[in-house]
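Student: Protein sequences, first through last, are from chains F and A. Residue numbering for the first sequence follows our numbering, beginning at 456 and increasing consecutively. Residue numbering for the second sequence follows our numbering, beginning at 9 and increasing consecutively.
Please keep in mind that the hints were generated in silico from the structure rather than gathered at the bench. Source: prediction; values computed, not measured. We put the CB at the ideal spot given by N, CA and C, even for glycine. One or more of the hints may lead you astray.
[What the hints assert, rightly or not] In silico DMTMM-like links for lysine to aspartate or glutamate, alpha-carbon gap of 25 Å or less:
id, chain 1, residue 1, chain 2, residue 2
1, A, K24, F, E587
2, A, K121, F, E580
3, A, K138, F, D476
4, A, K24, A, D211
[Unchecked claim] A few chain F positions that, by computed beta-carbon distances, are all more than 12 Å from chain A:
id, residue
5, F463
6, D476
7, S490
8, I494
9, M525
10, L538
11, G550
12, T602
13, L603
14, A607
15, S652
16, K653
17, L656
18, A677
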Amino acid sequence: MPDDPNAFQTALTLILGRDPDLIGIVALSLQVSLSAVVIAALIALPLGAALALWRFPGRGAVIVILNALMGLPPVVAGLAVYLLLSRAGPLGEFGLLFTPGAMVIAQVILVLPIIAALTRQQVEELHDEYREQLASMGVSRVRRIPTLLWDARFGLTTVMLAGFGRASAEVGAVMIVGGNIDGVTRVMTTAIVLETSKGNLPLALGLGIVLLGLVALVNAGAYLVGETSRRRLG
Amino acid sequence: MNDMTTRPVIDVPALKLQGVTFTHRGQRLLAPLDLHLSGCRRTLVMGPNGAGKSLLMRLAHGLLTPSAGKIHWQGRPPRQAMVSQRPVLLRRSALANLTYALAVSGAPRPNRKARAREALERFGLAALEKRPARVLSGGEQQRLALARAWLVEPEVLFLDEPTAALDPAAIQAVEAAVHDFHRRGTRIVMTTHDLQQARRLADDIVLLYGGRLVEHSPAETFFTAPASAEARAFIQGELVW
Numbered sequence: 456m457p458d459d460p461n462a463f464q465t466a467l468t469l470i471l472g473r474d475p476d477l478i479g480i481v482a483l484s485l486q487v488s489l490s491a492v493v494i495a496a497l498i499a500l501p502l503g504a505a506l507a508l509w510r511f512p513g514r515g516a517v518i519v520i521l522n523a524l525m526g527l528p529p530v531v532a533g534l535a536v537y538l539l540l541s542r543a544g545p546l547g548e549f550g551l552l553f554t555p556g557a558m559v560i561a562q563v564i565l566v567l568p569i570i571a572a573l574t575r576q577q578v579e580e581l582h583d584e585y586r587e588q589l590a591s592m593g594v595s596r597v598r599r600i601p602t603l604l605w606d607a608r609f610g611l612t613t614v615m616l617a618g619f620g621r622a623s624a625e626v627g628a629v630m631i632v633g634g635n636i637d638g639v640t641r642v643m644t645t646a647i648v649l650e651t652s653k654g655n656l657p658l659a660l661g662l663g664i665v666l667l668g669l670v671a672l673v674n675a676g677a678y679l680v681g682e683t684s685r686r687r688l689g
Numbered sequence: 009m010n011d012m013t014t015r016p017v018i019d020v021p022a023l024k025l026q027g028v029t030f031t032h033r034g035q036r037l038l039a040p041l042d043l044h045l046s047g048c049r050r051t052l053v054m055g056p057n058g059a060g061k062s063l064l065m066r067l068a069h070g071l072l073t074p075s076a077g078k079i080h081w082q083g084r085p086p087r088q089a090m091v092s093q094r095p096v097l098l099r100r101s102a103l104a105n106l107t108y109a110l111a112v113s114g115a116p117r118p119n120r121k122a123r124a125r126e127a128l129e130r131f132g133l134a135a136l137e138k139r140p141a142r143v144l145s146g147g148e149q150q151r152l153a154l155a156r157a158w159l160v161e162p163e164v165l166f167l168d169e170p171t172a173a174l175d176p177a178a179i180q181a182v183e184a185a186v187h188d189f190h191r192r193g194t195r196i197v198m199t200t201h202d203l204q205q206a207r208r209l210a211d212d213i214v215l216l217y218g219g220r221l222v223e224h225s226p227a228e229t230f231f232t233a234p235a236s237a238e239a240r241a242f243i244q245g246e247l248v249w
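If we strip away everything but chain F, and leave its shape as in the complex, we get (with noise of 0.2 Å):
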């Protein structure tokens, strides 16, 4: 517990007031999670469908990979993106790192096997029920993917949901590639961080309250989304 009792109090202020450096942290976070999983999701979806559909030597292995990335550190794909990025790198000459594009680059990487792994299984279950009928109609496989992605559209919501959560509740690898510069990089769990450490516990509370507000907000709008359609359509 914060030990100045006031702490929640000032956060309540600084939100309520629109402090404007906290809107700024709060909007870069929501630019560099939510680019990220849009841009994850239009590799992934594509990715995890087509896993689900073909059947190729190897297979096993890439479901293997693709699952244990999902728990991969953030620290650990921060440090590549880091060494891809930093001046000696192979992209080094792109002068990406410790801007907001690095950020987006390893929450892609953090966020991607998460949908394409998530997609991948209920692709294949609802390809499972699916398969005689898309056969019959003579469907091919490649225009299967688009049709098992739209039919599966409510169970994805939740797939890029999860990827949003992750994208943006990590600290490790947003830190890395962006260095937590401010009015830069800055993003909320960075700005946390760093605000705990230097003991401003009231804007850190703040910044906490806000993480907190949006995730649930984003996940209650999903929720709200998916039952409504769902109940709409069978």
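Once you have looked at the hints, place chain A on chain F.
Tutor: What follows is chain A alone, placed relative to chain F:
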């Protein structure tokens, strides 16, 4: 609604099964089986549960590959569709299920919706076009599956116990649809447990028992002078399956 175009009967390629067997996990589910289906006839496949009726349908439709033997269409493979007891409908609206089938069969986009609505109308589903297919009643789902097959204009239609779980009114609707398909020049291959239904619909009967083809004869012959002891017992409802 009277736009039925009757295709010349000779158009539909004959289906030949030669020595077809199907083995699953070392168990032979279908004995070597020969069957020849031609013309635009209504063939009803009968037999007890586990006789291999559904298996035969799936093999003929190309969903399964036989363990041995040959299945081939003389000439080209025809346009086919299949409707099963519990049809698999997509998690979309009734209309979207039909436009999807049209899209997959290569119909041009501009008139897909109009054609789909026409089919909904024909099968008495016009009021339900926006309804999710999954929340329709069993009879409505079956009619939607038939409408989906209708749009493909199949030359051969496989029906796997399409009326097994339906009430009398819904059964009548399915049988009326079978008539419509047949009048349009579609060959019907259908499984059923219902002797009365077979009498109403069949041009010829295939009787399966324990994975063997026991008898294949015209309906009149099958019901009045069956060749096999199994068929005689079956008709009298005596055969202990």
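Student: Any hints this thing doesn't respect? Which numbers, in order?
Tutor: 2, 3, 12, 13, 14
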